[in-house]
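Whenever a hint applies, use it, and build me the whole structure from the sequences.
Numbering (my numbering), first residue to last: 4 to 204.
In case anyone wonders, no lab produced these hints; they're calculated from the structure. All the given hints hold, so there is nothing to weed out.
Calculated cross-link-like contacts (lysine to any residue; reagent style SDA-like; alpha-carbon spacing at most 20 Å):
(1) Lys49 <-> Gly15
(2) Lys125 <-> Asp68
(3) Lys49 <-> Gly35
(4) Lys145 <-> Pro157
(5) Lys49 <-> Glu34
(6) Lys59 <-> Glu120
(7) Lys59 <-> Arg17
(8) Lys59 <-> Glu133
(9) Lys59 <-> Gly32
(10) Lys145 <-> Asp161
(11) Lys125 <-> Glu60
(12) Lys125 <-> Arg135
(13) Lys145 <-> Val94
(14) Lys49 <-> Arg23
(15) Lys59 <-> Ile27
(16) Lys125 <-> Gly35
(17) Lys49 <-> Glu12
(18) Lys59 <-> Asp130
(19) Lys59 <-> Thr37
(20) Lys59 <-> Asp22
(21) Lys59 <-> Gly126
(22) Lys49 <-> Ser18
(23) Lys145 <-> Pro162
(24) Lys59 <-> Gly46
(25) Lys49 <-> Ala13
(26) Lys59 <-> Glu34
(27) Lys145 <-> Val83
(28) Lys59 <-> Leu36
(29) Lys145 <-> Glu97
(30) Lys59 <-> Gly43
(31) Lys49 <-> Ala65
(32) Lys59 <-> Pro127
Across the chosen pairs, the derived CB separations fall in these ranges:
(33) Ala30 <-> Pro157: 37 to 43 Å
(34) Glu44 <-> Ala158: 53 to 59 Å
(35) Gly123 <-> Asp155: 34 to 40 Å
(36) Arg124 <-> His178: 17 to 23 Å
(37) Ser198 <-> Arg144: 16 to 22 Å
(38) Gly123 <-> Thr160: 29 to 35 Å
(39) Thr58 <-> Ala134: 16 to 22 Å
(40) Gly123 <-> Asp68: 20 to 26 Å
Yeah, the Cβ is synthetic: ideal placement off N, Cα and C, and Gly gets one too.
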Amino acid sequence: MSPRKSAAEALGTRSAILDRSVAIASAEGLEGLTIGRLAGELGMSKSGVLGHFGTKESLQLAVLDRAGEIFRAEVWAHAVPAAPGLTRLRVLCEAWVSYLERGVFPGGCFFVAAAHEFDGRKGPVRDAVEARFDDWRARLRKEAGRAADAGDLPAGTDPDQLVFELLGLVMALNHAIQLHRDTRAPARARHAIRSRLGDGS
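Take a look at the structure:
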């Protein structure tokens, strides 16, 4: 086997482990990941799984990275072409609602679930989850600030308050979908977002 083929196969195996890990962690939490379970489901040895990550914590951090890649592709990528400010903020919110509505992750928003699991703990995984939220909040804050500066939001709008409310709305949507299986929740979330941002007409 050539070194190039061997490296490609190793990357493919690592990707398969991460994909399965994201699906498990989405529904059962990052602590639900065990080397033995992954090895059994993927037809690998425990040492084979460990060889790609070294420790369970390293695996959890890699899973957070993979989930972040998926989130960016499902939400942020849709907003990049939109005009900065209110237009982009509207597109971001719609993509965010759609991401939950379509069940991109089996357990709902991966990062909301991870935050509930790790918010009271200490350590690298908890810090990585917080960093993801900080990054997302900063993106929303940037567009809200642009919209406020352009006069596209009501006078006196506080961008930080607006972002706080948008985060609360989408977390409520995640809760309604996952816990209550409320099929009306996405429409309610869209109505609440339009009320806060305007309908764009």
